[in-house]
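Both chains are sitting in their own frames, so use the hints and assemble them into the complex.
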Amino acid sequence: MLSKRLILLVSLALLATLAAGAASAQDNKVTLWAADSDTGSCWARLLVDTFPREDIELDVVLQPGSSLVDAQRTALQGGAGPDITFSHGPSFMLELANAGLLLSLDHYADEYGWGDRFAPWALDLGRVEGSLYSLSEELETVILYYNKTVFEEHGWEIPTTMDGLYALADAIREAGLVVMGPAFGECAPCFEWAVSVFFTHHAGPEKTYEALTGQRPWTDPAFVEAITALKDIVQDGWYMGGLDLFFSDTFQQAHSLFGAGEIAMSFEGTWMLDNYQRDYFGEPGGNENEWDWFAFPTTFSEEPHFVIGVGSSWGISQWAQNPDAAAAVLDFYYSTSYQAESHSVCGNAPAPLLYEGDVFANADPREARLYQVFGEASAAGNYGYTSWSFWPARTNVWLWEQITRVYDDQISVEDYLAGMQKEFEEEFAEGLIPPIPPR
Amino acid sequence: MARDMSMPEDSHYAKPPGPLSGKSKRGGGWTRYRLMRYYIVPWLFLIPILALHAFVVVFPAIQGVYYSFTDWSGIGEAKFIGLRNFEEMFFEDQSYIDALSRNVQWMIFRMIVPFTFALFGASLLAKVKRGAMIYRTALFMPFILPSIVTATIWRYLYNPRFGLPSLVGYDKALLGQSDTALWAIAFADNWQFWGFLMVLFLTAMQGIDPVLYDAAKVDGANRWQEFWHVTLPGIRPVVLFMMMMVMIWAFLVFDYVFILTGGGPAGATEVIAIDIYKNAFQRFEAGYAAAQGMTICLFASLVVSGFAFLRKRGWDI
Chain A
1 MLSKRLILLV
11 SLALLATLAA
21 GAASAQDNKV
31 TLWAADSDTG
41 SCWARLLVDT
51 FPREDIELDV
61 VLQPGSSLVD
71 AQRTALQGGA
81 GPDITFSHGP
91 SFMLELANAG
101 LLLSLDHYAD
111 EYGWGDRFAP
121 WALDLGRVEG
131 SLYSLSEELE
141 TVILYYNKTV
151 FEEHGWEIPT
161 TMDGLYALAD
171 AIREAGLVVM
181 GPAFGECAPC
191 FEWAVSVFFT
201 HHAGPEKTYE
211 ALTGQRPWTD
221 PAFVEAITAL
231 KDIVQDGWYM
241 GGLDLFFSDT
251 FQQAHSLFGA
261 GEIAMSFEGT
271 WMLDNYQRDY
281 FGEPGGNENE
291 WDWFAFPTTF
301 SEEPHFVIGV
311 GSSWGISQWA
321 QNPDAAAAVL
331 DFYYSTSYQA
341 ESHSVCGNAP
351 APLLYEGDVF
361 ANADPREARL
371 YQVFGEASAA
381 GNYGYTSWSF
391 WPARTNVWLW
401 EQITRVYDDQ
411 ISVEDYLAGM
421 QKEFEEEFAE
431 GLIPPIPPR
Chain B
440 MARDMSMPED
450 SHYAKPPGPL
460 SGKSKRGGGW
470 TRYRLMRYYI
480 VPWLFLIPIL
490 ALHAFVVVFP
500 AIQGVYYSFT
510 DWSGIGEAKF
520 IGLRNFEEMF
530 FEDQSYIDAL
540 SRNVQWMIFR
550 MIVPFTFALF
560 GASLLAKVKR
570 GAMIYRTALF
580 MPFILPSIVT
590 ATIWRYLYNP
600 RFGLPSLVGY
610 DKALLGQSDT
620 ALWAIAFADN
630 WQFWGFLMVL
640 FLTAMQGIDP
650 VLYDAAKVDG
660 ANRWQEFWHV
670 TLPGIRPVVL
680 FMMMMVMIWA
690 FLVFDYVFIL
700 TGGGPAGATE
710 VIAIDIYKNA
720 FQRFEAGYAA
730 AQGMTICLFA
740 SLVVSGFAFL
750 RKRGWDI
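Protein chains in written order, with the working numbering: chain A, 1 to 439; chain B, 440 to 756.
Errors might be hidden in some of the hints.
Here are the simulated distance ranges between beta carbons [what the hints assert, rightly or not]:
{"hint": "1", "chain 1": "B", "residue 1": "A500", "chain 2": "A", "residue 2": "T213", "range": "38 to 48 Å"}
{"hint": "2", "chain 1": "B", "residue 1": "G745", "chain 2": "A", "residue 2": "E206", "range": "40 to 50 Å"}
{"hint": "3", "chain 1": "B", "residue 1": "S586", "chain 2": "A", "residue 2": "A71", "range": "11 to 21 Å"}
{"hint": "4", "chain 1": "A", "residue 1": "D358", "chain 2": "B", "residue 2": "D510", "range": "26 to 36 Å"}
{"hint": "5", "chain 1": "A", "residue 1": "A71", "chain 2": "B", "residue 2": "V588", "range": "20 to 30 Å"}
{"hint": "6", "chain 1": "B", "residue 1": "W622", "chain 2": "A", "residue 2": "P64", "range": "50 to 60 Å"}
Over the 10 Å line for every Cβ pair with chain A, so calculated as not near, a few chain B residues [what the hints assert, rightly or not]:
{"hint": "7", "residue": "M475"}
{"hint": "8", "residue": "D532"}
{"hint": "9", "residue": "Y597"}
{"hint": "10", "residue": "K611"}
{"hint": "11", "residue": "V638"}
{"hint": "12", "residue": "I698"}
{"hint": "13", "residue": "F723"}
Since the hints were made in silico from the structure, they are not lab data. Here a beta-carbon is modelled for each residue, glycine too, at the ideal position from N, C-alpha and C.
Next up, chain B with everything else stripped away, as it sits in the complex (with noise of 0.2 Å):
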């Protein structure tokens, strides 16, 4: 027999009764208490919160979807002009095209790099019993660092007169050359983030149930086929919540590059807010920068549909 899990009828829980079904038999009333209780006075808590999201939230991204629009400079007048904005972006502009695809590039690195240190360290870290938490914090902490320090850290570390190139007799600066300088900022921008990764999926990994590994361990499974066919699918909600965070981030990645490189050298790290930024602070065409940032929320929307119907098909996200 199924649990029954519905809550009690006198529970603050319950589920009110349809406010005009006509069915109370205590008359009009009492239809009148429960639609002010469960209709009307939940609502009147929300408004404060509602009409700050509206002024702060919605009303700002309305005004961005006219923008983009919109021939605008950023201050004056705006004009409309349709849907020049997006054709231009989409078949005229190769800088934004370039931009689009260093941002998927990103997001490819983060999804591998960044996961794989990740996985890697929160198995090792799992094991250890004593000290584990002075590790975690160590690893852990750049996470906390203003990107501005890590940045700046990083300039340093990559410098080939004194830095790490130097001690392996590499001369040349990774930043100042096109093919290597997105990669650099990248790796720079993972050695803040994975100790992040690093801890949630440690946390997830403490609510497996040991009996599973126990039942490995008696099967013969070694390491490996532990992590694989026990932690792995054990963490897999956090995992693939995770991946869809970062696909989401990786459109949004600005201060790194903008610290580094500023979308150099020779637009070798230039990424879709970079671009942004420049059109909208220094050709004065904000319109134009705000239909590219129309484009970001369209990305980030695919992603997240793409997840919804994957859950849709029975996934364990």
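Excised from the complex, chain A in its bound form (with noise of 0.2 Å):
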């Protein structure tokens, strides 16, 4: 009888501790999303590898499809998804607060000291109404690329001005090459890229500010002259050497030719640093030339300028059942020597945190140089706004849908800015602009 009861009382104290332990790895278990893709796994693989954390079981779950962010976005709906969410950026992940689909990151912003580890400007992106709901990621920008080679045999001088371009172009022309890509034919919301910078670069950033602030309608004189000036080089056949290729080929295409020398530059985003010598350069792209970067000229200044954006957005799920654990994620996730590792082994962008010391010492050279002469325009006042990461919804797709009919005369730049003004009015009525650092 005694044996007996032993057995029990052994076997019921066995079921207790296996049900605890399980109990507890569920009460650690934090799940994520990412593209089932090379970079997707590349990424995936190394966040589960270094996170240090043993009493927290990260899972994350590959899925196939290109559109992650819709599904992502109908499962939150229906009160499921991945604890930690994503999104393309501010504009999108304001919507998922307003929803009240994520949770306040306030307290342990305060917690971990975010506040001291982000760029001002990129915390504050992420506030809903004064309070904290993402964080951003992926620091970008849109430069232009060159071939460096074929500019050595030809001798010609990076500009400084918008002048300079243009006499650039003329030449680059005349030696019977086309002015510079990409391509579009596969992405229609790419032409904001464009857009973005000729907003910043060509009427400047205190009106592109004082525009998305509501203090100056987009109908203003210098946006108009602004998108005239985009208007003018994209008809006059610098992207592709002619419109009918700009709005169909590829970006292999147009990458492919740029690397061969026939395309000399590149209006492309901070994105490609990775893949223009990884792909198309040098012995991967089948020639022995060279490509590096120069930031696209103003109007009114000879110091460098950047427009500013995030490629996406994190945040914490309504539905997440251990947001503490996610939260003690997102911390490692945005730590320095995270971001610098995930970007030498993966070749993501880093986030938009302040660095010191020689945290990207394995980058390309060309790449240090880009974070270093990015983040001095920055503490400068020199930057501006790319339209992904701070046009609400609606106006961004009328900034870039539109923009297309623009370059095929379809429509004047009054009406397209005028169709703008609309469209931000109605956003900026509805509290939907993503928030905009002051300056």
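This is the structure in structure tokens:
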């Protein structure tokens, strides 16, 4: 009888231990979704392998398909989805926060000292009515890459003014080359890149800031001039040599021609820093060319200016089972050391943190120079705004969708900007403008 | 005397007597048995599939109808706004009207080009005896390719640097010009689709009685007259049914446009489904997108009603 009781007691104790263990693991499980691609796999593997907390089970689920953000949004609406959620940027996260699908990160920001770690403008991007709901990721800007070998062969100098850029474009065309790529045949929203740059680099960052904060209409003559200038260079064949190719060629076609030296420059985002070296120049590209970059010139200064933006934003889902554990994952993810490693191993653009010392020692010197110059320009106030980070959703769709009609002469520049103003006014009244950091 | 096609009384297919008619000579127990057998048990078997259908089709459809009357971002609460979405769509939103007109152009193209190709191809192949299967397989093959593959092939074929245009000295990108892009996409879609139509028509043609062709030959009919007076009437139900389907499918077109141009250049290929996608997932106007989706259902219903009407009028559809 005694032995039976003993067996029963031991069994119960074992069951209790197992149950407690299972509950503990469940209590500390944190889920994330990542795209099932080379970059996504690398990113997921690195995060899981390097995350140091053994008491937290980190589960990164690779999801097929190209519309991961849409799928995640649908899941969140249905009360499911990953614990740590992400989207294309602040305006998308604003929608999720307004729908009550994100948790406030204020007390985690205090607990982990995120305020001292992020660039101030970057942390402000995640605020909704004063509360922090998302953290910005993937620092981005748009620059002019150039085929250094081709430039040296022709003796072309790097322009520091818009006039210099026009003269350079003439010289490139006289040499029988195409001025710049890429083409957007497979990415309609990408038309926003150049519009963002021309608002900041032609009309000026202050005027753009005033427009984004509702103090100046988008129909202002400064913006009319900026968009007219953009329209003129597009219609003049700067991009891909002609409007039809600009509208229809693929990224790969454009980048290959750039690597081969048939296109002299590429008006691209910093997300291409890693790709150009890896795929299109030197041995991988089947050529002996080299690339470098310079800041897109402005009409008002010879100092380098940059539009700033973020590629995505991260937050904690309303449905997260373990928000504290999720916050611990975010804290690790947004450490300078992890960001540097992620950049080095997987080629991910670093988050907008305040980096000190030689964190990017392993980076390509051209990249290192970019982050240095970019940081200096930001500190000096020489920065503007990318539409995908700072424009509200409907206005932004108008911005990239209708600019193609401007290029195709279907609508005038004035009508384009009037339409943008109408959309902006509506969203401004509805409180849908992403936080614009004060200058 | 007309043939009696009715089933014998004891057949499984026999029409059951009215359960409450009181005509049973075997009393209430027998009536209950019949009630159970013919009216309750079949429905019990149907319940699982009906429940599934309700869960994945009916409820979402009803939700869709409801959201079409709301101002909804796609997440969070929806605000009821009555007919405002429809008012905006039909009277204020020029992009919707333009998109609708492109769907109609797409429909006209699809009812002419693939049908012509398929009828012509099927007529020729119907006469082929040796190696017919090879031809049929080869022509049907594009239909089983995923649209992303077909679209990518055609993107390269249309490239003016090294594709088909370069062979004839044309140096413009067909997908990059607003006056040619829609037709270029429609032709790529046609390349995938017409083989499917051809196989259907070919199968229908094989059901035509050969005696009719012999009679036509005796009457001195040439190949064209044979096709017009024998083949076409013989496959008319299939042709008309496929026309109805093509008309409905024309309002659903999305994949080729999305892959090849995304609705560009300059909105020249923006069809309703692209507009819906943009409104739902990029402009966060899911309520408005739902209203646009309702109009697709409406157009499909009109097409089906039109064919039903013709059938009622005696058309062989």
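Against the structure, the hints:
{"no.": "1", "hint": "B:A500 / A:T213: 38 to 48 Å", "result": "43 Å, holds"}
{"no.": "2", "hint": "B:G745 / A:E206: 40 to 50 Å", "result": "60 Å, violated"}
{"no.": "3", "hint": "B:S586 / A:A71: 11 to 21 Å", "result": "20 Å, holds"}
{"no.": "4", "hint": "A:D358 / B:D510: 26 to 36 Å", "result": "52 Å, violated"}
{"no.": "5", "hint": "A:A71 / B:V588: 20 to 30 Å", "result": "23 Å, holds"}
{"no.": "6", "hint": "B:W622 / A:P64: 50 to 60 Å", "result": "33 Å, violated"}
{"no.": "7", "hint": "M475", "result": "40 Å, holds"}
{"no.": "8", "hint": "D532", "result": "13 Å, holds"}
{"no.": "9", "hint": "Y597", "result": "8 Å, violated"}
{"no.": "10", "hint": "K611", "result": "5 Å, violated"}
{"no.": "11", "hint": "V638", "result": "31 Å, holds"}
{"no.": "12", "hint": "I698", "result": "8 Å, violated"}
{"no.": "13", "hint": "F723", "result": "5 Å, violated"}
Hints 2, 4, 6, 9, 10, 12, 13 from the earlier list are contradicted by this structure; the remaining hints agree with it.
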